[in-house]
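Student: Residue numbers (my numbering), protein chains in the order written: chain P, 969 to 1173; chain R, 35 to 284; chain V, 618 to 835.
Careful, some of the hints might be misleading.
Residues on chain R that point at chain P, a partial pick, calculated with CB under 10 Å [claimed, not checked]: (1) CYS37; (2) ALA59; (3) MET110; (4) VAL143; (5) LEU165; (6) LEU180; (7) LEU181; (8) LEU184; (9) VAL189; (10) ASP190; (11) GLU195; (12) PHE217; (13) ALA223; (14) SER231; (15) LEU232; (16) ILE238.
A short, non-exhaustive set of chain P residues, derived as facing chain R with CB atoms under 8 Å [stated by the list, open to error]: (17) VAL975; (18) VAL1132; (19) LEU1162.
Straight-line distance between alpha carbons at most 30 Å, and here's what the computed DSS-like set of lysine-lysine pairs gives [as the list claims (entries may be wrong)]: (20) V:LYS797 to V:LYS739; (21) V:LYS674 to R:LYS248; (22) V:LYS797 to V:LYS737; (23) R:LYS248 to P:LYS1168.
It should be emphasised that the hints constitute simulated quantities derived from the structure, not laboratory data.
All residues carry an ideal CB built from backbone N, CA and C; glycine is no exception.
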Amino acid sequence: MHIAEGVLSPAVAASGWLASAAGIYWGLRCMEPEAIPRTAMMTAAFFTASLIQVPIGPGHTHLVLSGLAGILLGPATFPSLAVALFLQALLFQFGGLSSLGVNLLIMAVPAVVFGFLFQGGMRRRSGGRGRLWGFAFMAGMGSVWLSALMQAGALLASDPTFRVAGMTLAAIHAVSGPVEGLITAFTVTFLEELRPGLAKRGGIR
Amino acid sequence: MSCLTWIPGRSWIHRVTPEARLFSALVLMVALTIAEGPWAAMGGGVLAVVLVGLARLPLRLLGHVLIRLNLVLGFMALLLLPALCGSSLVESPAVRPSGNGFSLLGRMVWKGNAMVMLYLALLATMDPMALGLAMRALRLPSRLALLYLLTVRYVDLLHHEWERIRRAMGVRGFRARADRRTFRLYGHALGRLFLRSLERAERIVWAMKCRGFKGHYPLSSRGRWTTDSILFAVGSCLAAVLIFALAWIR
Amino acid sequence: MNASFLRFWNLSYAYEEGRAVLREVSGRIERGERIALIGPNGAGKSTLLLLLMGLLKSPTGGLEILGRRCRLEQDFDEVRGRIGLLFQDSDDQLFNPTVWDEMMFGPLNLGWSFSRAEAKAKETLVLFGIENQASRFTHRLSAGEKRLVALASLWVMEPEALLLDEPTAGLDDSARQRVKAIVASFPGSLVVASHDREFLEGVTSRRWNLVAGHLEIE
Ligand SMILES: Nc1ncnc2c1ncn2[C@@H]1O[C@H](COP(=O)(O)OP(=O)(O)OP(=O)(O)O)[C@@H](O)[C@H]1O
Ligand SMILES: [Mg+2]
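Please work from the sequences and hints to get the whole structure.
Tutor: Put into structure tokens, the structure is as follows:
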């Protein structure tokens, strides 16, 4: 889900940075001072989780878990994923620094949107376990799919020549959507069982 | 094992203060990203090679990183193939490509490599923790710097937690397959990891409160600007200006 | 007025419902009193120390520090800076980037001037024999080094009481002797939870025995 260094056009990379800066600022403003350690530990956990390889079909995929981040972190997803992406670029050269802005938008915007949708769905009625599972699945899968679309959009905006490339990548990422959905759903139901209200309220607030 | 690796050394770059290096990396990154054209790209490439030389990066490691990067870029190039061959599949009158596929490919590979060499030389040559302190010294938003510092501080501990959880799963005869059961187990293991991380966070907040924390994080040290580091920062600004100037030559 | 430093009565705690760790324990700590808190693994020593600092809240009983009843978070906020709690896991306590930041965190939070905090931090580092570690990153320290830094980061705040949870865990012989001498010289009230008999005999004069959720005061 990372766009590598050098791929994006200057204008797209720069606007990505500007928009992400706004997102990060918003996320930081939404945080109580005491929520900073919580967000940091979650960030470390998400970073660890992104190193996990999950079997899918004949190959492996790395987990993104942006939907889960949106559910647990809310707006703080922006600064949190910014740190995680920065570390990935710095330590493993996944993604890159110039493309970090766009990569952050691609991951965090769907995460926050589906996080809010999830919390909205949970507020309306205190449905059972199935409802919780379903909404979490939707958040996990939906945010990855939306991310794939946004990635294709960013590539296209960079250069129309990327049309085939963008669509192929989107299709590849779309395959991991259901896996992300399943794992997100199982994680959320597990968390709700042990710490009722954690996911429904949005973990760190 | 730590996931926070960096490249220690005794080169001239290693002696420049972290603040100056972070500042230079940001300035040069902006210049490299925004400046367009073959000459600017050339200038950026030369600069990156010079910095890599000054930092005396181990060639093996540099090779590994660049090979991996170019494999990714190569995959993108493969997807560009239809465009490169001028296939009618992608040609439509509505969208006119900004240049031909080859110049796009050239820019991608050249800039990508230059950029990665740049931050390998400037940023990967310091402890990730020192980088966080440099963020503070450069007055990046203090909460963001704190978030970064705490994440770096605890990432290895959480990684260990994960290894432990994983081993516990392995002991019970768990084999990863692409089925529902596997995903449920992963979900539960991840849930456990997140609970651990929240418990840890709670205890950290306790420890903060026990030392008089009331919502404000004090700053206990300030950045150091030596003559060397000021020269270095000024030098990078000049280099950035040069790259922009090269972008004007068409 | 001659109130105890800390008095608590009928404190209970259960992490999971139906599995009480502490059952209605009561006790008092006088000024300058030095208490050894002993009990087998899992007896609830750490839990008791967390309750005394108001970090965990007991559903029953109460707590009085320096003659003041402490119920809410604000009540505790005012006294926490005057009592130093050493956590059992040093990693919980050492969240700052460097050893130096760790030393400055408490004093600056207490509102000391920068120069006063700096002077005290330097003095404490020398006392603990870790003055050459000041610029090191805390997460790269060894377990024993972490222990020393954690204790030093409390000492630097000049607390009136110390609650130490296994202060000697992971220390080598010379570090252990140094910590023993330092803790023995501490003038305030002291509670040490530890399995290190020799250390306890050297620095404490009374014993609290925690068994099966009850506190036996000798
Ligand atoms: N966060 C927690 N969640 C659930 N149970 C806990 C938690 N912390 C402690 N316990 C349980 O509470 C009991 C008392 O734990 P505590 O840490 O207070 O013991 P201790 O006397 O300090 O032991 P030790 O000598 O090993 O340090 C133990 O049975 C432990 O399993
Ligand atoms: Mg204990």
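Student: Against which earlier hints does the structure fall short, listed by number upward?
Tutor: none
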